[in-house]
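Visitor: As a plain string of letters, each chain reads:
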Amino acid sequence: MKNKGKLLAVPGLLWLGIFFVIPLLFVVILAFSQRGVYGEIIYTFTLENFSRFFEPLYIQIFFESLIVAVATTLICLLLGYPLAYMITRVNPKWQNAWLLIVMLPFWINFLVRSYAWVIILRSQGLVNTFLQSIGLIDQPLTLLYTPGAVLLGMVYALLPFIILPIYVSLEQLDRKKLEAAYDLGASPLKAFWHVTLPLSMPGVISGSILVFVSSLGMFVVPDIMGGAKSALFGNIIQNQFLSARDWPFGSALSMVVVLFSIILIFLYYRATQSQEKLEGRG
Amino acid sequence: MKTIIHLDSVEKSFGDHVVIPAFSLSIQEGEFITLLGPSGCGKTTLMRMISGFEEPTSGHIYLDGNDVTSIPPYQRDMNMVFQHYALFPHMTVADNILFGLKMKKVPQSEQKQRLEEVLHFTQLTEYQKRKPQQLSGGQQQRVAIARAIINNPRVLLLDEPLGALDYQLRKNLQVELKNIQRNLGITFIYVTHDQDEAMSMSDRIAVVHQGKIEQIGTPEEIYYKPSSLFVATFIGENNIMKINSDLIGVRPEKISLHKADAQAPHHKQYGVIEDIVFLGNIYKVSVRAEDDIVITAHLYEKSTWYKGERVGVAWAKEDEVILR
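Residue numbers (this note's numbering), protein chains in the order written: chain A, 3 to 284; chain B, 785 to 1108.
If we strip away everything but chain B, and leave its shape as in the complex, we get (with noise of 0.2 Å):
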């Protein structure tokens, strides 16, 4: 693997506002790598730098070893997917498409050919003589795509792209960008504030709080060994608890409820049944425990427990996690 975006110590601020104090990170060749984040973390600042969009108050960006820190956007070599397409209302499906090869000045033959696959690849042939108002969303989206990958950039950045969606078609979109990403093997910087789509799609997470990267890792680094309260709480349902002098979080699908008198060593809390709510794949049952705290814990049989019922609550030590 071979770096090909590279961020040495990058820091933005907006007068004596500092957004995004100075971090460093390392992008693969061909990753899919997603900045998550609540809005206002500082994700979308962050890509606006790595597409020449804003300029660091100070720092370096390395394009494949080239610094191209005060290079513009028309002249890096890679292409953005706007949060809202931003697509040409004046120009055709298969112009707006072009546009990036005509500024290139890509001799015709070769700008029809590369029309020709991109639009069959993203299944828009028929589509290509209308406008972009005369689409409909999941379609715009995909010529927002197609627009991007024609040029056969390095890296494409994709600032919640899936964001105007409903549910159904976001879910098949995500599995249609992993796999133009397979495809094409070109690097994905992917902003998104939805964990499930970060979760689903990437490689690697970089979770962004504040404008700082709080835990990068895969999604099961993220997610089974969060480095930090805001990873453990941001990233799925966490239980907080503090162990003596240790902040820790378990996971509510690994806490397993027990009879109060059962003799069993490995009860760490005991306490009361508080709420079953059932949500269709498992239910969510609510302890709350001696220290007057409530430890959620995900079951698939609903068993005899009751409302009210005194419970032993339980968990593996390996399941514990040790937060900062």
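Chain A extracted, bound-state conformation (with noise of 0.2 Å):
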């Protein structure tokens, strides 16, 4: 019975072991290998392209994609801690609905999301046609192919990443212990901030963990709305892939971008497990 329980695993795995393990150890392979002087690759062990990932251009472009993924990360914070906060708070009904509403995106691909995008912010875009209409600008503004641009849409791609984790964290909380808290003489501001928040936390944190690591290997959004001005980690790797014909490069790049994730899932990890045990639950 145990064993032939096992065995619905197997398809599963399967498809792990094929589709994500060895592709994965061959990047790693890669990481160590060498580009010949036509993109083919000779196998060998060097720790060269690793350490043309601390040339100072690298760096930067690190550096700065870790900007814009904490940015991201934030403004997904503050945008989706209310709105998930609303949704627990509306009436039951609609709870789905709204729900509904967050994922609908998902619907629909996302570079096809990615591309209503520049139909919307560019020169001639939705935006720049109405405000010119209404007499308030006079030139187009220069909406699209910025910085800007860019954080909006990974704000955009990863909100409900965020909005569902919280919402679920949030939904789990007893009514009965804000009850409490008003009746020991918490206002419902006080009552939300030494209750409501630190008990949703656990959503905050995976929540944030998931969008921050989305936003760190995303290469499609600042491709499509950041133009060729403002490259991203992301766009680095999939350049070495595709243009540069550098696969050793990109791979070894990849991996510092999944160490860097790995690192980021331990802490969450042992900061969730030690209030665990602080709760009495680990």
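If you are wondering where the hints come from, they were derived from the structure by calculation, not from laboratory data.
The model shown is predicted, which means the values in this text are computed figures rather than measured ones.
Among the hints, erroneous ones may be present.
Residues from chain A that keep clear of chain B, each with C-beta distances beyond 10 Å, as calculated [stated by the list, open to error]: (1) Ala11; (2) Tyr60; (3) Trp109; (4) Ala246.
Rough simulated footprint, nothing fancy, chain A against chain B, three-plus residues with beta-carbon under 8 Å [said to hold, decoys possible]: (5) 849–858; (6) 863–872; (7) 1098–1105.
Only part of the chain A face toward chain B is listed, based on derived beta-carbon distances under 8 Å [stated by the list, open to error]: (8) Asp185; (9) Ala188; (10) Lys192; (11) Pro200.
Virtual Cβ for every residue (Gly too), placed ideally from N, Cα, C.
Can you join these two chains into the complex? Each is in its own frame, and there are hints to help.
Guide: Laid out in structure tokens, this is it:
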């Protein structure tokens, strides 16, 4: 019986093995290989690709990407938390409708949605034509191909990933605990600060990590909405695999992102575990 | 005695549905009053109106003579012990207990002193650094009580505070709660569906049924002089009989059995013993009487009664209660 149950996991394990573990191993091997003169791969063992990462150009782009990722996460948090909070407070029969609205963008291809932003933001786009028609501006504003546009696209793409975990942790919160806080003299604001916010931290943290890790590797948004000027780390990696044909270096840069993400996730688990230990659940 | 809480024709309805028809009630200072009723009878809604979590649809609530009908719970000078304690899981026992004082910005030194007193009083001193989840049910219950009484409230509301605990612990905590109430002189408003709990602790019991207070009085009054059929059957066991045009109730322990042929002028009914059950402290004897009603008698001795025996059933006139 026990073994039969385990058999059910085989298709999923096979899938993960073939399409996740093996490619990942391939990336690891590539990262220590060398690029030939014509872009072919020479299998040796070298750390050269990693030492290239520390060249000022790449370090600078890495830190810029880091800043964009932090900014994206913070903006998503500031927009997402109140929205998730609001969804838990509306009439239960509207909650599913709101969650549907949050997830609705996933029904449309991400690339298509990103190009939709181009149509909205370009110089003859919706925003500019509208502002010109009401006479607010004479010349079209430069909205597209700016750092602001990249940030907007990132937040737009990743907002649902922070709303859902926060919604879940707020939904699980026992209302009686809030009532207890009111009863003990806490105003609604104080009760939020001392009870709701700390108890929803697991959702805040896991949502933030999802958004942060995703935005660090994002290349579609900066490509389409940032133009040629603003390359982020994801674009550099993409370039190595496509135009530069330097797969080993691209793999090494991917490894850097993966390692960085693993460290973050590890820190997250340590933080939540110590939290659970404090709460006596650990 | 001084009135501390006065409810003046308070009514609550949700939409068109009247949950609590208008009623008035005065609660005395230092009193232990219990709202007793089956689940869904409206006693919790009643308590939530007193604590401020629900606003009555009409009527007024006075605390110490001041109208507090629309005052939010965080500005009312009373505290509540919640049904499942509602302790804060992310805070230690000490922080849980101090929460109220911190919200009121009581000076640090006073906070520390009052914390020590309350911890000592509730025997929680050694657990103060723990999180609520690391405590047993009874200890969590004491934290909930400590968290409320540290604020020196005028009134303490308790919503089925012992409901989640097992029998023995409940019995012990009943005594503890009663002692706390006596020692601190706080007015207790206690909500429960457990009549034993209500009987053993309360100064007065208000029996609530379908949103209405059916009867209010001391435990003895409620037990011996129930004013309605509901109270007579809800509290303890009762024999309900129709004598002439009156509906009367007689407690099983007030019933005596006699040999059918014995000359006893006070025999009220005759019947046949249908069942004799040993309950530990008493024998419960069921007698099927002439009008096909079953009269239950609680006897301390089994004597020679046997199943199928024809007996005379008797009770004293003063043990009859005429019900509405």
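Visitor: State whether the coverage of the region 849–858 of chain B by chain A holds or is violated, taking the criterion as 3 or more residues with Cβ-Cβ distances under 8 Å.
Guide: Answer holds; 3 residues pass the 8 Å Cβ test.
Visitor: Report holds if the minimum CB distance from Ala11 (chain A) to chain B is greater than 10 Å, and violated otherwise.
Guide: 32 Å, holds
Visitor: Verify that the Cβ of Ala246 (chain A) lies farther than 10 Å from every Cβ atom of chain B, and report whether the claim holds or is violated.
Guide: 50 Å, holds
Visitor: Can you verify the interface hint for Asp185 (chain A): is its Cβ closer than 8 Å to any Cβ in chain B?
Guide: 5 Å, holds
Visitor: Was the hint right that Lys192 (chain A) lines chain B, CB cutoff 8 Å?
Guide: 6 Å, holds
Visitor: Any Cβ of chain B at or closer than 10 Å to Tyr60 (chain A), or is the non-interface label fine?
Guide: Given a closest Cβ separation of 42 Å, the condition holds.
Visitor: Any Cβ of chain B at or closer than 10 Å to Trp109 (chain A), or is the non-interface label fine?
Guide: 37 Å, holds
Visitor: A closest beta-carbon separation below 8 Å is what the hint needs, so does Pro200 (chain A) meet it against chain B?
Guide: Holds, because the Cβ-Cβ distance from Pro200 (chain A) to chain B comes to roughly 5 Å (cut-off 8 Å).
Visitor: With a cut-off of 8 Å, does the beta carbon of Ala188 (chain A) approach a beta carbon of chain B closely enough for the hint to hold?
Guide: Holds, about 5 Å.
Visitor: Are there three or more residues in the region 1098–1105 of chain B whose C-beta lies closer than 8 Å to some C-beta of chain A?
Guide: Result for this restraint: violated, n = 0.
Visitor: Okay, the region 863–872 of chain B and chain A, do three or more residues pass the C-beta test at under 8 Å?
Guide: With 8 residues closer than 8 Å to chain A, the region 863–872 of chain B meets the three-residue bar; holds.
Of the numbered hints given earlier, the model fails hint 7 alone.
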